[in-house]
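Chains as they are written, first to last, in the numbering used here: chain A, 1 to 310; chain B, 1 to 185.
Treat the hints loosely; a few may be bogus.
What the hints assert, rightly or not - DEER-style ranges, computed between Cβ atoms: (1) B:Arg53 <-> A:Leu243: 35 to 41 Å; (2) A:Gly17 <-> B:Asn156: 39 to 45 Å; (3) A:Gln226 <-> B:Val89: 39 to 45 Å; (4) A:Asn76 <-> B:Ala160: 30 to 36 Å; (5) B:Asp80 <-> A:Lys38: 55 to 61 Å; (6) B:Thr113 <-> A:Gly17: 45 to 51 Å; (7) B:Arg24 <-> A:Gly279: 21 to 27 Å; (8) B:Arg53 <-> A:Ala289: 29 to 35 Å; (9) B:Gly38 <-> A:Gly156: 44 to 50 Å; (10) B:Ala160 <-> A:Ala289: 48 to 54 Å.
Hints are computed from structural coordinates only; laboratory data are not their basis.
Note that CB positions come from ideal geometry on N, CA and C, so glycine has one too.
One-letter residues, chain by chain:
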Amino acid sequence: MGLTRKDLLDIRSLEAGEIRTILDTAASMKEIASREIKKVPALRGKTVVNMFMEPSTRTRTSFEIAGKWLSADVINVSGSSSSVVKGETLVDTARNIEAMSPNCVVIRHAASGAAHLLARTLRCSVVNAGDGMHEHPTQALLDLLTIREKRGHLEGLSVAIVGDIAHSRVARSNIAGMRKMGMSVTVAGPPTLIPPGVEELGVKVARRLEDALRDVDVIMMLRLQQERMTANYIPSLREYSRLYGLSLEKLRGARDDVMIMHPGPVNRGIEISPEVADGPYSVILEQVANGVAVRMAILYLLLGAKGAEA
Amino acid sequence: MAAVTFREKAQVLDEPGIDRALTRIAHEIVEHAGGTDGLVLVGIRTRGVSLARRIAARLQAIGGHTVPVGALDITLYRDDLALKGDTPVLRGTDIPFPVSEKTLVLVDDVLYTGRTIRAALDAIIDLGRPRMIQLAVLVDRGHRELPIRADYVGKNLPTARREAVQVMLREHDGQDRVVIQEPEA
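For reference, chain B alone in the conformation it holds in the complex:
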């Protein structure tokens, strides 16, 4: 398979834009859950974990409680393991608290086909039975292949399938921005 290189087409969120989106999501979570009691966040590796931590900091500022944050590696639950050319690197799941009877908010950077979330739901349910599972994403770019939707969305972003959406975060990329990329002609 020839490697496709992408070039930046447009910036869709800058640093203040990401901040505002996460603050709004935090407020919506508190409003929906009626507080921060019994709330836990689980980020999907890698960038979902950083986003979950940022949302948790805002939730604490709003609700006063510390909201536990876990990290989920969905690699072992993927439905495309047999199709991938190379075995994906395992980074491990780290959810050091019980999820049963909690309101669990899954956090990821981009919602696309929905297959990652399908895998995440299976992974979570193997760990216990939350009272409710919700989904928060920074960007929803459409093109679902499964009946899955997000409860909290930072930005709805219409894209073409051939394009790529890249979320860059300080913790991993040294800067906060979201860009759409298109294949180099």
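Next up, chain A with everything else stripped away, as it sits in the complex:
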């Protein structure tokens, strides 16, 4: 029982059983992080190429550590600082990478669909580490792992996802994953940052932050993605922060045992106040630790048993 697919491109096309397999495998991988010698030989002789065409600390480091702890050789190809546009250029780059015979390419790209394009072009496995405003599947999986660890289960839990839903691949992947796992999702944010028709994904929309926070098990704050905002979506950062920033005051309306998540990097004082980000309900650093375990699980499940294949 593993993953029979070549690539991990999005949550949308995963089945609930596959998500469960990934989470179970990741939970087993966590033990390796607690060892003195953090290395197992499972992916010895395999090569993983990290192609990051957009800035990233957490995700790139996390994939690199994951590969190294499994004994794979990990190579980082940093994207050119000029914008690599979707189309021939990316395919060209990919062909060059393929000439190095990797077993897996991990791709982070500003263009939605970049990972799918690579997956069609390359014979090796492709893992989407975030493509534009489309999906960020490994982030959603590590979020699900963190919630499952804290609550013991996923089904029946309720989540509020708050902030810039429109530009967020994290929100899109999480909504897909949470709905598949039987969780209910409410989104909240300025009307300009809530995509029209978002209800079709099976989520509720709350106009006010206070309404979204009441009675949920998990609050997930999103980063205000100023680099993707090509127009004036919000009047000012100060107003955004006042209406949609998570402060201790707003948290008063939430449940006593609520969990607070943030995919990082945190804009302290904008979408979340420092007291809340560093507070007792916050699991932000657990999310980062679980990121390594989830990426180990994905590399293992995609590459572990496929060495003999073309």
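With chain A's structure known, arrange chain B on it following the hints.
Chain B in isolation, oriented as in the chain A frame:
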């Protein structure tokens, strides 16, 4: 690959037989180690863990000390990962005590090619440096492919390669018995 179905050829151990074998192994371990001090057991998932727990209960009855029991998942250390059609399920290693300077007894249900034990030795050594590593198995069915032997054996069982040995334990299978199976013609 077509699935091969097996049918039972003979029962080689029943419940009292398994009990006696484990009791004898426990006595041999104590005799060899001169007590239960500094002794730890590590079962290889899945059935090795249950056998290790049963042996530990007997060791406590004999020696008076609680003997720690850990669980080892050797999946990430297999030498045939690339050959397997399907990625084996990971169940995780859980050894919540230091293994360095201990007498560590690995426990598994069946010793066959020795490849599982080779993987287990690598896995253990990544966790520390035991003073000594020994091996206890319920059944040794022969056909080694590596220079590995067991220190404590419940039953030596000559088998043909085409046959299969199945250990069934209460904890997993609802009953205690060991059977030899042969491929259905």
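Right, here's what the structure says about each hint:
{"no.": "1", "hint": "B:Arg53 <-> A:Leu243: 35 to 41 Å", "verdict": "violated, 57 Å"}
{"no.": "2", "hint": "A:Gly17 <-> B:Asn156: 39 to 45 Å", "verdict": "holds, 42 Å"}
{"no.": "3", "hint": "A:Gln226 <-> B:Val89: 39 to 45 Å", "verdict": "holds, 43 Å"}
{"no.": "4", "hint": "A:Asn76 <-> B:Ala160: 30 to 36 Å", "verdict": "violated, 52 Å"}
{"no.": "5", "hint": "B:Asp80 <-> A:Lys38: 55 to 61 Å", "verdict": "violated, 24 Å"}
{"no.": "6", "hint": "B:Thr113 <-> A:Gly17: 45 to 51 Å", "verdict": "violated, 32 Å"}
{"no.": "7", "hint": "B:Arg24 <-> A:Gly279: 21 to 27 Å", "verdict": "violated, 58 Å"}
{"no.": "8", "hint": "B:Arg53 <-> A:Ala289: 29 to 35 Å", "verdict": "holds, 30 Å"}
{"no.": "9", "hint": "B:Gly38 <-> A:Gly156: 44 to 50 Å", "verdict": "holds, 48 Å"}
{"no.": "10", "hint": "B:Ala160 <-> A:Ala289: 48 to 54 Å", "verdict": "holds, 49 Å"}
Figure legend: structure checked against the earlier numbered hints; hints not met, in rising order: 1, 4, 5, 6, 7.
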